[in-house]
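Novice: Between the sequences and the hints, there should be enough to build the whole structure, so can you do that?
The listed protein sequences correspond, in order, to chains S and P.
Per this note's numbering, the first sequence runs over residues 807 to 920.
Per this note's numbering, the second sequence runs over residues 604 to 714.
Since the hints were derived computationally from the structure, they do not count as laboratory data.
For each residue, glycine too, the CB sits at the ideal point set by N, CA and C.
It cannot be assumed that every hint is accurate.
Stated by the list, open to error - Restricting the straight-line Cα-Cα distance to at most 25 Å, the calculated cross-link-like pairs of lysine-lysine (BS3-like) are: (1) Lys640/P with Lys815/S; (2) Lys815/S with Lys661/P; (3) Lys709/P with Lys661/P; (4) Lys645/P with Lys709/P.
As the list claims (entries may be wrong) - Each pair of labels, with its calculated beta carbon distance range: (5) Asp862/S with Ser631/P: 21 to 27 Å; (6) Thr613/P with Pro913/S: 23 to 29 Å; (7) Ser631/P with Thr918/S: 36 to 42 Å; (8) Thr821/S with Lys671/P: 44 to 50 Å; (9) Ile665/P with Ser824/S: 39 to 45 Å.
What the hints assert, rightly or not - Anything over 10 Å on all C-beta distances counts as not near chain S; from chain P, calculated: (10) Gln609; (11) Leu614; (12) Ser615; (13) Val616; (14) Glu618; (15) Ala632; (16) Lys645; (17) Ile653; (18) Gly658; (19) Arg664; (20) Ile665; (21) Asn670; (22) Lys671; (23) Pro685; (24) Gln711.
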Amino acid sequence: NAGVTQTPKFQVLKTGQSMTLQCAQDMNHEYMSWYRQDPGMGLRLIHYSVGAGITDQGEVPNGYNVSRSTTEDFPLRLLSAAPSQTSVYFCASSYGGGGDFEQYFGPGTRLTVT
Amino acid sequence: GENVEQHPSTLSVQEGDSAVIKCTYSDSASNYFPWYKQELGKGPQLIIDIRSNVGEKKDQRIAVTLNKTAKHFSLHITETQPEDSAVYFCAAAGGYQKVTFGIGTKLQVIP
Chain S
807 NAGVTQTPKF QVLKTGQSMT LQCAQDMNHE YMSWYRQDPG MGLRLIHYSV GAGITDQGEV
867 PNGYNVSRST TEDFPLRLLS AAPSQTSVYF CASSYGGGGD FEQYFGPGTR LTVT
Chain P
604 GENVEQHPST LSVQEGDSAV IKCTYSDSAS NYFPWYKQEL GKGPQLIIDI RSNVGEKKDQ
664 RIAVTLNKTA KHFSLHITET QPEDSAVYFC AAAGGYQKVT FGIGTKLQVI P
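Specialist: Now the structure itself:
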């Protein structure tokens, strides 16, 4: 099993550009989430999904879109990048059944918006 | 919403000593408390977790305690080793979509 994979590892964008951060998992997990990590602020939930076709907003959803067309993939879209979106982004997945909420995190994408 | 406070933000210990990291939470509905370890350049990895119906859990050199009345939980690492150096995050959850993380503790184990 590859676990949770994320691409790209690094990305530099100019203000106003759009891009998609990719996330995939091969563990057949129903639950998937996107977090951003900023110094002194821990991990903050952006969007999450409890299954294919079902997504919802987390704590900091503004400026980001998600979709979940398959169990395996959960891409995060930045519609018009802003410097405030400079951060490290982590995707995570979880089985979720029976209250099993252990999250498996990907290696992260470091995004810089200039 | 849930608020998780974690302290200290940095912690230095001598190899072989114990390390303790403390967290408090605000939402009495939270019932799952995981701890994650994040090594440099990697994603967080679960090291231990505890549910609200248990007061203490141990796994080799790592233990977690939970006081539901006071709404606080702690991570204890005994006989620390250099490979324990990392950032540790606590979290509180009342369900999958309600996971709230602390700001993290950078632990340095000095050989």
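Novice: Output the numbers, in ascending order, of every earlier hint that fails for this structure.
Specialist: Checked against the structure, the hints that fail are numbers 2, 10, 16, while the rest are satisfied.
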